[in-house]
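In the order they appear, the protein sequences are chains A and B.
Residue 3 is where the first sequence starts when you use our numbering, and the numbers rise one by one after that.
Residue 3 is where the second sequence starts when you use our numbering, and the numbers rise one by one after that.
Accuracy of the hints is not assured; some may be wrong.
Chain copies aren't distinguished; within one or between two, either way the pair holds.
As the list claims (entries may be wrong) - Below 27 Å or equal to it, Euclidean Cα-Cα: the simulated BS3-like pairs (lysine-lysine) are: (1) Lys237 with Lys426; (2) Lys173 with Lys202; (3) Lys36 with Lys49; (4) Lys37 with Lys237; (5) Lys168 with Lys36; (6) Lys419 with Lys8; (7) Lys21 with Lys419; (8) Lys223 with Lys286; (9) Lys21 with Lys90; (10) Lys419 with Lys237; (11) Lys8 with Lys422.
Source of the hints: derived by calculation from the structure; they are not laboratory data.
Protein chains: 2
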Amino acid sequence: MSILIKNCNLISMDVSREKIEYNVDILIENNRIKKIDKNIDKQCVDKVIDATDKYVLPGFINTHSHIGMSIFRETVDGFILQDWLEKKIWPIEDNLTEEDIYNSSLLSCAEMIKTGTTTVNDHYFFPESVINAVHTAGMRAEITRVLMDIGGDLEPRIIELENLIKNYLNKYDTISINVGIHGFYTASNICVEKARELAKKYNLNVHIHFCENSDEVKQIKDRYDVDVPSKVLQKYFYDINTILAHCVKLSDNDFNILKNLPIHVSHCPISNLKLGCGIANLPKLIENNINVSLGTDGQGSGCNLDMFDTMKFVGLLQKGINEDPTLISAYDVLQMATINGARALNKDSLIGSIVEGKLADLIILDLSNITLQPINDVFSDIVYNAKGTNVITTIVNGKILMENRKLLTIDENSIIKNCKYILKNLK
Amino acid sequence: MSILIKNCNLISMDVSREKIEYNVDILIENNRIKKIDKNIDKQCVDKVIDATDKYVLPGFINTHSHIGMSIFRETVDGFILQDWLEKKIWPIEDNLTEEDIYNSSLLSCAEMIKTGTTTVNDHYFFPESVINAVHTAGMRAEITRVLMDIGGDLEPRIIELENLIKNYLNKYDTISINVGIHGFYTASNICVEKARELAKKYNLNVHIHFCENSDEVKQIKDRYDVDVPSKVLQKYFYDINTILAHCVKLSDNDFNILKNLPIHVSHCPISNLKLGCGIANLPKLIENNINVSLGTDGQGSGCNLDMFDTMKFVGLLQKGINEDPTLISAYDVLQMATINGARALNKDSLIGSIVEGKLADLIILDLSNITLQPINDVFSDIVYNAKGTNVITTIVNGKILMENRKLLTIDENSIIKNCKYILKNLK
Chain A
3 MSILIKNCNL ISMDVSREKI EYNVDILIEN NRIKKIDKNI DKQCVDKVID ATDKYVLPGF
63 INTHSHIGMS IFRETVDGFI LQDWLEKKIW PIEDNLTEED IYNSSLLSCA EMIKTGTTTV
123 NDHYFFPESV INAVHTAGMR AEITRVLMDI GGDLEPRIIE LENLIKNYLN KYDTISINVG
183 IHGFYTASNI CVEKARELAK KYNLNVHIHF CENSDEVKQI KDRYDVDVPS KVLQKYFYDI
243 NTILAHCVKL SDNDFNILKN LPIHVSHCPI SNLKLGCGIA NLPKLIENNI NVSLGTDGQG
303 SGCNLDMFDT MKFVGLLQKG INEDPTLISA YDVLQMATIN GARALNKDSL IGSIVEGKLA
363 DLIILDLSNI TLQPINDVFS DIVYNAKGTN VITTIVNGKI LMENRKLLTI DENSIIKNCK
423 YILKNLK
Chain B
3 MSILIKNCNL ISMDVSREKI EYNVDILIEN NRIKKIDKNI DKQCVDKVID ATDKYVLPGF
63 INTHSHIGMS IFRETVDGFI LQDWLEKKIW PIEDNLTEED IYNSSLLSCA EMIKTGTTTV
123 NDHYFFPESV INAVHTAGMR AEITRVLMDI GGDLEPRIIE LENLIKNYLN KYDTISINVG
183 IHGFYTASNI CVEKARELAK KYNLNVHIHF CENSDEVKQI KDRYDVDVPS KVLQKYFYDI
243 NTILAHCVKL SDNDFNILKN LPIHVSHCPI SNLKLGCGIA NLPKLIENNI NVSLGTDGQG
303 SGCNLDMFDT MKFVGLLQKG INEDPTLISA YDVLQMATIN GARALNKDSL IGSIVEGKLA
363 DLIILDLSNI TLQPINDVFS DIVYNAKGTN VITTIVNGKI LMENRKLLTI DENSIIKNCK
423 YILKNLK
């Protein structure tokens with residue numbers, strides 16, 4: 003299968019190319035970007051997409067989410083985290099079936115494809131249901147079975163995760179597995195050691211909540227008898243590519259340790275605000291050369307999975323709280339949402355930018371609507387003003403998942419109906 | 003002309019009604035809401051709108067904007083305020099014609115109608131051009147000719163404002179005039195006294211930038227020899243309904259003075275972040291019973307005029323910076339965007355909620371798209387997840403300005419073309 007995108011304005015996010023190139027063609031062959039050039043011959047191409055006056059970007063990479071939780075959208079307003087989990091979420095989660103998680107995950111995939119996300123780094127339970135949903139949708143994903151010591155025995159969870167790894171490590175070229183840990187405050191050293199073993203044995207990433215709020219920091223210090231939480235990371239994951247979700251509450255000592263570890267921060271500003279956690283110190287992360295990618299968190303705590311919403315908060319928050327409007331440009335934010343996400347997942351040779359040879363994960367934006375006009379700075383217009391609805395076409399692994407706003411792999415109406423039905427039966 | 007909205011879910015924002023009422027009809031006669039009831043007879047009605055499964059809200063009231071500035075959208079990223087004004091804005095503004103401002107304002111009106119704003123409180127120059135645009139669009143607005151002492155003589159500006167008042171005070175029932183002052187840091191006591199005289203003589207609101215950033219606070223203190231800026235307000239406007247845009251940098255002494263003055267805050271969180279000003283202390287304003295309404299600011303500093311974007315920031319910011327997720331509910335934010343805005347403009351007996359007898363300014367939302375589903379809490383879903391594109395119909399003063407996303411008073415394509423042409427000729 004070959005696809006030719008004709009005459010687009012390309013924002014490749016690749017250091018080897020200009021920030022924006024006008025009127026270029028992109029040839030996709032099978033799952034790869036074969037060629038980027040002016041006037042590529044459209045003969046012998048299976049499908050031609052006219053992208054005149056449209057903008058093409060790499061698809062967004064959401065490095066922290068819980069896509070099985072879409073049915074919990076907007077249940078958190080006015081709750082503190084622990085009450086929300088105990089009163090709203092856990093009693094319901096206990097009653098969810100694998101099919102419920104499949105449907106809830108598929109709704110999330112629909113939401114992501116419609117808002118331009120092509121890769122998601124997930125963090126939840128029922129991994130086979132999540133994988134089935136992601137595979138049905140055609141998205142790229144890293145999936146896990148989150149490990150923790152509370153709410154049940156550890157051993158069967160470890161077995162479940164290792165079976166998952168064995169079964170899916172090479173099954174789909176769009177789906178990979180990592181080692182998820184809920185957090186150091188909910189995992190014993192035994193749990194963490196087992197997680198380390200699996201990550202080393204299969205050469206996998208680790209994905210963990212880290213320093214989301216002050217209470218968690220205190221709990222980690224108590225449980226592990228350390229002066230700063232990063233020492234636990236340093237002990238167990240000094241040589242493992244690790245994605246840290248949140249990192250809101252880092253001390254100077256944490257920064258000093260983290261800057262020498264193979265870690266990446268998944269910054270989730272909307273969730274951090276909504277749950278009253280605080281705001282991560284992005285300038286200091288950047289100053290310490292720590293890679294910052296972006297996450298939406300789940301729809302319960304994070305509102306939605308729309309990376310445009312998240313991007314809008316990233317730069318604005320830092321300019322505001324630091325009272326410095328020159329901090330973090332719109333282009334910096336676009337990097338966090340694309341190539342930095344690829345780097346976090348250790349996949350930056352494959353995805354995250356549009357360059358010949360990389361996998362074909364890209365989105366086409368139509369920025370012609372009046373609420374974005376006139377365009378003085380296209381990067382600012384995308385980061386601060388564009389919405390998920392400006393994405394008209396989403397391509398993952400060379401396959402078109404949405405064309406002219408129509409999903410091609412998911413029946414929207416039936417999935418909404420299914421999710422409403424789950425809620426009705428749970429309430 | 004009569005319009006019957008059938009079978010909607012009504013979020014009236016009126017204290018006399020339930021927060022949400024399902025399957026009700028709304029009868030509009032001429033420019034008023036005549037009746038709200040179940041099963042209103044549709045015979046003898048000029049137009050029936052089927053709003054089954056749709057949500058009806060009062061239109062949003064944007065209490066601080068500069069709608070003539072749409073052509074400056076996204077020119078500010080990376081600039082500090084003074085550099086942006088001196089290097090980007092002022093050199094261009096000097097070359098703008100009345101027709102340019104008309105077109106730029108009309109683009110803003112299109113943006114507002116498409117995103118659910120029905121009333122705007124504007125703050126700019128070339129008031130007749132702005133009025134012509136607003137009148138063409140059919141929106142409700144309060145317009146002014148901003149007064150200040152810098153960049154030209156005061157006297158002709160005062161005359162211009164008084165002529166404006168005389169000419170337009172009773173000309174259109176959708177357009178009123180107020181007394182705009184740029185800020186105490188750019189206005190002498192003579193300017194402020196003249197402004198006071200006009201406001202008293204014609205019984206008008208005052209609209210002024212106030213304590214937007216630390217530098218402004220310092221300048222007011224120096225210029226007026228006061229220990230806190232609020233003392234200037236107290237001296238000149240103790241008996242005049244005054245809308246204060248921003249109020250980011252208020253001291254405890256300011257709060258103590260402000261709580262006893264007839265002032266209203268127009269909170270503009272996005273602009274305040276983007277320009278690196280900081281974040282207004284909403285909990286303290288609310289605790290002091292100060293009315294908080296919402297503003298977008300202009301598209302140069304505030305990104306866009308979409309009140310959904312602004313609403314999303316309001317509550318989330320306060321929960322985050324105060325580390326308290328129970329602060330400011332989604333419903334509180336909706337109040338700020340509607341009835342509190344009406345109160346700020348001293349028009350809460352006329353607009354801001356949907357109740358029999360009030361003027362018919364309302365919007366119809368379609369929340370059925372998958373990125374809002376499932377709906378567990380409709381107020382959170384509107385504030386945190388809905389976008390301007392969820393507004394399908396906008397009605398002002400009993401007149402339909404947009405129906406099923408199509409603008410009825412503005413030709414979108416020609417206005418975009420006109421604004422691009424202005425920019426091309428200015429550069």
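Numbers of the earlier hints that this structure fails to satisfy, in rising order:
The structure breaks hints 1, 4, 5 and 10; every other hint is satisfied.
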